[in-house]
Structures are given as structure tokens and as C-alpha cells.
Amino acid sequence: MRHVYNRLLCLYPAVFRRRYGTEMSLDFAEGWAEARAVGPVAAVVFASRVAGDLVVSLVREWTRGFRIAIAAATAGVTLLLWSVALRPWAWQWDMQIGPPPRARTAPPVTETELLVLATAVLIPVLVVLVCATRLVKRPEVTHGATRTERGSRTASGKPA
Amino acid sequence: MAAYQPLTPAVFHVLLALADGDKHGYAIMKSVEEHTGGTLRMGAGTLYGTLQRLTDAGWVLEVTPPQALSVRDEKRRFYRLTADGRQALGAEVKRLEDLVRLARRSRGVPKAARY
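Chains as they are written, first to last, in the working numbering: chain H, 1 to 160; chain R, 1001 to 1115.
In short, the hints are calculated from the structure, not lab data.
Virtual Cβ for every residue (Gly too), placed ideally from N, Cα, C.
Among the hints, erroneous ones may be present.
[Said to hold, decoys possible] A short list of chain R residues far from chain H (calculated; beta carbon distances all over 10 Å):
id, residue
1, H1035
2, G1037
3, Q1052
4, P1066
5, L1096
6, D1098
7, V1100
8, R1101
9, R1107
[As the list claims (entries may be wrong)] Here are a few chain H residues that face chain R, going by a calculated C-beta distance under 7 Å:
id, residue
10, N6
11, E34
12, R60
13, E111
The following block holds chain H by itself, in its conformation from the complex (with noise of 0.2 Å):
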């Protein structure tokens, strides 16, 4: 099970990955021996918490530091889904004063054209998943630099 933890562990940015990979191995290990321990139940909740925080945090981390402008890509990007899904090409374009000729029945919607509805309805909702907590809860913290024990890597930043 370690083994196949320690896969997963590649699909995190390798900085990450070089800095946490070997303790978030060990953690696993060790929390996993301790589930098995107290039974089968008790692995498969630890093995199932374990892979939903996987998801979350492959997430945060692929998207760190470049959150606003992938709101502001996908906002662009559901615009312009929509503005598809309103399907222009088959509006009537040719306006006549008077009655209208005959009456007309909207044409069928074709199964590519809800998909894409769909999908444009899936996106800002994922979005707002990913980055309405980033957005919201963000502390102006300013700080000078800061130098650990073990290198001389400096930095400041803005935990949230």
C-alpha cells in the first residue's frame, strides 16, 4: 500500500514532492500500520480520508500562486461557452415587419450543444470549489526575510 502511495506522490509538483515526498511517505506508513491494527474498517476509512486528501491538496498545490488568473481564465473561458450554447447561428436574423410569415418552433437541441451547456454550468462551480476559500480568507501579511536552521533559503509570504 506504501508502494502504491508513493506513486501517487509523483503527481505532486516536484518541488513538493522534493521537500515533503519522504516524510508524507513515513506518515503514511506509520498511519496506516496503526490502522490496520485496530481492524479492516479502520484501514479503508484511513486508506478513503487518505486519497480525498490526495485530491484536495494536489489541487491547492498545482494551483497555488496562480489562483486569481485561473478564476479570470475560466471565467473567460464560460463566457465564451455560453455565448456558444446561445446558439447565434440559428437565431433569425432576417426581421420583417408585420405578422410573421408562419409560426416557428425553436430547433431541437442537439446532444453536443447540452454538453457544452453543461459544461458551462460545471465550471464556475468548480471554481468557486477550488477557489472561493483562497480568495476569501487571505491575510495581508507582510514579512522580512526569514532564515532557517538547516539552509539559507529566504522568503516571505502569505500563509492562509
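Put chain R on the given structure of chain H with help from the hints.
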């Protein structure tokens, strides 16, 4: 200090766990679970993502592991709360205290919840 706040639950609990002393990642996870009575269980991805942000911000520091270590813990890194981190934690506790005080003064809050 108002600029530090509000902290996310993950950041708050990691700082709180480290306030007791230096810990490695797994010990922080266990400490958070213990503090919250098991209601908050941080996964490794969440924990180390939070630690990375806190380290970059200078609130947490990687430190040399203590001498007397089990073989199992030799490969682990230990983390320590810095003065800035402690100050941020204190400010958050003060903010939460103010909120609770405000809620207790409010007549709209049920009495049972006020005391």
C-alpha cells in the same frame, strides 16, 4: 496585528500544536487530532502544504532534530514556532476571545451558549 487575521483552521491548529514545543509532521497531525477530539484530522497533503506556507512566511522554522531519536524518526524534519508565529497565534486567540465576548453580550444568542 489585525493584518494577520483571520487564520484558517488548518493554520491555527498547526500553530497551536507547535506552541507546545518542536514537533515533526506526524506528531503535529496527532496533536491536532487530540486537540480537536478527533473532529479535525489533517491529511499529510494539507499539513505539509500548510507547513510550507508557514515556513515561507517565517512563522515556522525547520530545526535540527533532537539527539535522542528513535530510528523511525531520524528521517523526519522537526518544526518550531517562531516569534512571529507565536505573535500571530496570540493575535488570533485574542480575536476569537473578542468575538466570543461580543456574542455573550448579545441578547439574540441563547443563554445556554453564552456560558
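Consistency of the hints with the structure:
no.: 1; hint: H1035; in the structure: holds (18 Å)
no.: 2; hint: G1037; in the structure: holds (17 Å)
no.: 3; hint: Q1052; in the structure: violated (7 Å)
no.: 4; hint: P1066; in the structure: holds (13 Å)
no.: 5; hint: L1096; in the structure: holds (15 Å)
no.: 6; hint: D1098; in the structure: holds (17 Å)
no.: 7; hint: V1100; in the structure: holds (20 Å)
no.: 8; hint: R1101; in the structure: holds (22 Å)
no.: 9; hint: R1107; in the structure: holds (29 Å)
no.: 10; hint: N6; in the structure: violated (12 Å)
no.: 11; hint: E34; in the structure: violated (10 Å)
no.: 12; hint: R60; in the structure: holds (6 Å)
no.: 13; hint: E111; in the structure: violated (37 Å)
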